[in-house]
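Trainee: Listed below, chain by chain, are the residues.
4 protein chains.
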Amino acid sequence: MRFEQWFHGTDVMYHAVDRVIAEGKTPWQHYLFFEHPVFGVTIAIDGDMQSCQADEGIYHEALVHPALFFHPNPKNVLIMGGGEGATAREILRHSGVERCVMVDIDGAFVEACRKYAPTWSEGAFDDPRLVLKIMDINDYFDEAQIPFDVVIGDLVDVADWSSPVAGLYSETFYDRLKKLLAPDAVVATQAGALDLNEAINHRKVRRSLAASFEHVASYGVVVPSFGGMWSYVVASDVPLDVEEMAKRAETSAVMLPAIGAENLAALFALPRRIARSLEK
Amino acid sequence: MRFEQWFHGTDVMYHAVDRVIAEGKTPWQHYLFFEHPVFGVTIAIDGDMQSCQADEGIYHEALVHPALFFHPNPKNVLIMGGGEGATAREILRHSGVERCVMVDIDGAFVEACRKYAPTWSEGAFDDPRLVLKIMDINDYFDEAQIPFDVVIGDLVDVADWSSPVAGLYSETFYDRLKKLLAPDAVVATQAGALDLNEAINHRKVRRSLAASFEHVASYGVVVPSFGGMWSYVVASDVPLDVEEMAKRAETSAVMLPAIGAENLAALFALPRRIARSLEK
Amino acid sequence: MRFEQWFHGTDVMYHAVDRVIAEGKTPWQHYLFFEHPVFGVTIAIDGDMQSCQADEGIYHEALVHPALFFHPNPKNVLIMGGGEGATAREILRHSGVERCVMVDIDGAFVEACRKYAPTWSEGAFDDPRLVLKIMDINDYFDEAQIPFDVVIGDLVDVADWSSPVAGLYSETFYDRLKKLLAPDAVVATQAGALDLNEAINHRKVRRSLAASFEHVASYGVVVPSFGGMWSYVVASDVPLDVEEMAKRAETSAVMLPAIGAENLAALFALPRRIARSLEK
Amino acid sequence: MRFEQWFHGTDVMYHAVDRVIAEGKTPWQHYLFFEHPVFGVTIAIDGDMQSCQADEGIYHEALVHPALFFHPNPKNVLIMGGGEGATAREILRHSGVERCVMVDIDGAFVEACRKYAPTWSEGAFDDPRLVLKIMDINDYFDEAQIPFDVVIGDLVDVADWSSPVAGLYSETFYDRLKKLLAPDAVVATQAGALDLNEAINHRKVRRSLAASFEHVASYGVVVPSFGGMWSYVVASDVPLDVEEMAKRAETSAVMLPAIGAENLAALFALPRRIARSLEK
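Chains as they are written, first to last, in our numbering: chain C, 2 to 281; chain Y, 2 to 281; chain X, 2 to 281; chain F, 2 to 281.
FYI, nobody ran anything at the bench for these hints, they're computed from the structure.
Mixed in with the good hints, there may be bad ones.
In silico BS3-like cross-links for lysine-lysine, where the CA-CA straight-line distance does not exceed 30 Å [what the hints assert, rightly or not]:
no., chain 1, residue 1, chain 2, residue 2
1, Y, 248, C, 248
2, F, 180, F, 76
3, F, 180, C, 116
4, X, 116, Y, 26
5, X, 116, Y, 116
6, X, 76, X, 179
7, F, 134, F, 26
Here are the simulated distance ranges between beta carbons [to be verified]:
no., chain 1, residue 1, chain 2, residue 2, range
8, Y, 116, X, 161, 33 to 41 Å
9, F, 216, X, 172, 44 to 52 Å
10, F, 19, Y, 7, 26 to 34 Å
11, F, 19, Y, 160, 45 to 53 Å
12, F, 116, Y, 24, 23 to 31 Å
13, C, 23, F, 171, 23 to 31 Å
14, C, 38, F, 208, 34 to 42 Å
15, X, 31, F, 123, 30 to 38 Å
16, C, 38, F, 19, 18 to 26 Å
Built from N, CA and C at the ideal position, the CB exists for glycine as well.
Chain C with its partners taken away, still in its complex shape:
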């Protein structure tokens, strides 16, 4: 068996599937857990590779830690999505974090991840600082009360910008989000594949965030199982000082086993040919 993954609508990769671990449909999405000979346990949602045991650490450390280190003292953190639990795991490595609210719409998928991909959450769901809410993030916006210091967006990537999912990366969405934030809050979100011509998602997300926040920065990291780089955008009303962020990371007690604290700054030094496509 093979798992099919398309790239830029022109190239197709057939990944080896050693074993199907689980497959199912929730009201929100189709999920598949399989064993890949090199990547280990692999999670796919709606036919797109989501995360692999061998390098999800790279993806999640890059998603979480820049935002947390851009902030001087993050205590309250919100995760939008993040069903696998690895985003929570990374946030909770910061002992200064007192409360981490994770809002994911798909309870059945969260359960499946705990069962079939337990190394992603690595106990995060049992941490007393974690508050898991199974609900639509849009509904959560109405009930949230504590202002958040950091928000991490780990929502599904947009395959079709005319679908409802696109709303999760719109200006309106970030506008509503902003009402829950402390003034010096930092927001980071995944922003799609970073390919020679696939930065559409990144540019849309960046533009939406730029409408609500004074400062935005793009960065990326190589995720081998994704066949290239993945991108992120971080945003804040406070200037985003990469050097300061890196210094905090290097002097922190937080371990970044997959990327290494000393390499966080380099995520912001993208080759120009690639960076250029992000700003178009």
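We have chain C; now place chains Y, X and F onto it with these hints.
Mentor: What follows is chains Y, X and F alone, placed relative to chain C:
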């Protein structure tokens, strides 16, 4: 039509082929030039993708400029291989370089590249500083006379370590190479794909260089058309100071349109999970 | 390199391509000649496999000989399409045939076939009985004068029934064709792949022919390189007696090296599960 | 997800997988049941497609009925293999059959078929005439007592002729089988794919049977989901009269919904180009 590329012996990618530009067999290798919808003109040797118009700049800038900027004042440069002419192109951007000897075994392939992929060499073959020698690099070792300041290894990647090609990355080979070098010379070579389990080539090359030189450093860059990162090793008897190299690059008049001089240092900041595989 | 062929819009086959022989674009179609390790020289038009050296004999014998043997004494034969020349080759094996008019719109493709696939026509283009006309078959309908005894339709298969190509299999088309025919004429045409759900083309062609002729019969033959069976429809105002046809074939001096005269009747004995899909 | 199937070691097909129904490993083989958009439920063993809901009827009717109709009055029938139960289903359609012994080594696979592919056996396992023995067919040879009138070989196809599986098609094997047979017994077995160059299996099986029986005949049928024709060999010490067999089929009350009794004779009329490869 599609071009088939295997990854770690388990996954297979079928790249779109808009048009076959040229296909041929020389005494040394089979070559194919085709047009890809995203990558543009693409060169494959013996069934492996070699270089694409859209991102060969990233590959070649990463191959050439760190070595040239690690050296304080490179005047004589040797290219081992480099048939497409892009390695020469990058070296000749340095106005301080007085002489660049390029030794490639396959004259027919060099001709094919000039004809079907002229943007790779961009006139480098007409630069009076370039001396092109169509011969086995092993034979050239016997006749070379000027001590070289920098050597760039752009030889074909090793698919099978029991084949003769492996000799081009052996200790004996670098031992012989060393006799042609100035005492402060810097050598850099491509060292294979940088995947979660494909660093075998990198480790072998690094080990061979470490046997002949006091200092070696690994680095990599994302090459989107290769589906991930490509790796390099740089070696010298003089310490390799990345900060100093980066400073020289940033203050130099040499343009690095694909990577950007300001991003050269970041090539050495590989995610630990990946760096670890290089040092095993 | 690989040649990609889709089946029922859900499955995809990647055929090995040992060598690209020729590729080109005429005003009418894109053609590709390549060497396949098992099928030999292979011809593709607009991305669809058309014919392979190893089994085109099966395809063409099945297309031509039933119609010619259903007729008691065919002298004047018309080929609609048939650019490769193999349909002409089969017709001209019948020494009773005095004149064979072949009308193909694409002179450049006919030339390419003569050059790169000469075993298809095997000298047929030099036979004095062959009259080759490079023109639209619709225009030929206006100028044809001799009534034809047999007509063989070897026109391109319809990929999209809303495209102009569909007109070549319409009721209007066969209505016009009928004006060129002798009263006891027999018409046979290729009618698409014969798969579990791909008989749409067959059914449309059969229905169009049934509107103009009193008798129609479906048949098929396995063409290994097509990955299954190919189908045909034969039509006439005279009853189509398979037994009589088979007897003529077996007592004829015409050699059918690929199928064998003794096996022609069996082409009409399709498994019911497949035959059923043709009549829906 | 996709199911990968290779053809003649050079071409590869990726079948659509709508849903994985079940996957498992028995002591004897790996099995996979999946849903294909066109073929319906599909069974694969050790990575090779075995049988599909949409056309297993064609495969199994071709396997079973010629042998049963070559025999004037079959009462005792032996199935070697046949785990899915469809071979038994076809045999039991003959009301004259009094006893059908089915010997399959893999009880877990038989159970899986009953559970996940019940339309294959369609109640055959509950027919009082069926005796199911889960054991090695070689061991059964020692204990069988009633002389059989017909034997149907539905054992796994040989992928590697140096593996133990090859023994199931050897001269020694048929020699031992013959001791269990009535003098006028008829034996039929599947004999591999019938492709332009894949008739190796067929030729080996035919040769082994020809060493033990006076008469052998090859035949085949198109199985669309297999991408072409599948072949069989029938053998007996009594002459195999195809016309007589066909007449019995046509006058019998046994329904052949997939092939049709009137089409059984045509299975023996293979195109010469294909038949030739069987006799080499």
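Trainee: Take the hints in turn and mark each one as holding or not.
Mentor: For each hint, the structure was consulted:
Between residue 248 of chain Y and residue 248 of chain C the CA atoms are separated by roughly 20 Å; this keeps the pair inside 30 Å, and the hint holds. The suggested pairing of residue 180 of chain F with residue 76 of chain F holds, with an alpha-carbon distance near 17 Å, which does not exceed 30 Å. With a CA separation close to 56 Å, the supplied pair residue 180 of chain F and residue 116 of chain C exceeds the 30 Å bound. Taking the CA atoms of residue 116 of chain X and residue 26 of chain Y, the gap is near 22 Å; set against the 30 Å cutoff, the hint holds.
At roughly 26 Å between alpha-carbon atoms, residue 116 of chain X and residue 116 of chain Y fall within 30 Å of each other, so this suggested pair holds. Distance check on the hinted pair: residue 76 of chain X and residue 179 of chain X sit about 17 Å apart at the alpha-carbon level, within 30 Å; holds. For the given pair, residue 134 of chain F sits about 20 Å from residue 26 of chain F by alpha-carbon distance, which is consistent with the 30 Å threshold. Separated by about 38 Å at the C-beta atoms, residue 116 of chain Y and residue 161 of chain X satisfy the suggested range of 33 to 41 Å.
For the hinted restraint 44 to 52 Å between residue 216 of chain F and residue 172 of chain X, the CB-CB distance of approximately 51 Å keeps it satisfied. A hinted range of 26 to 34 Å for the beta carbons of residue 19 of chain F and residue 7 of chain Y is consistent with their spacing of about 27 Å. With their beta carbons about 37 Å apart, residue 19 of chain F and residue 160 of chain Y fall outside the hinted range of 45 to 53 Å. Between residue 116 of chain F and residue 24 of chain Y the beta carbon distance is about 52 Å. The supplied range of 23 to 31 Å is therefore violated.
For the pair residue 23 of chain C and residue 171 of chain F, the beta carbons lie near 42 Å from each other, so the given range of 23 to 31 Å is not met. Range check, residue 38 of chain C to residue 208 of chain F: about 39 Å between beta-carbon atoms, so the 34 to 42 Å window is met. At roughly 48 Å, the beta carbons of residue 31 of chain X and residue 123 of chain F sit outside the given window of 30 to 38 Å. Range check, residue 38 of chain C to residue 19 of chain F: about 24 Å between beta-carbon atoms, so the 18 to 26 Å window is met.
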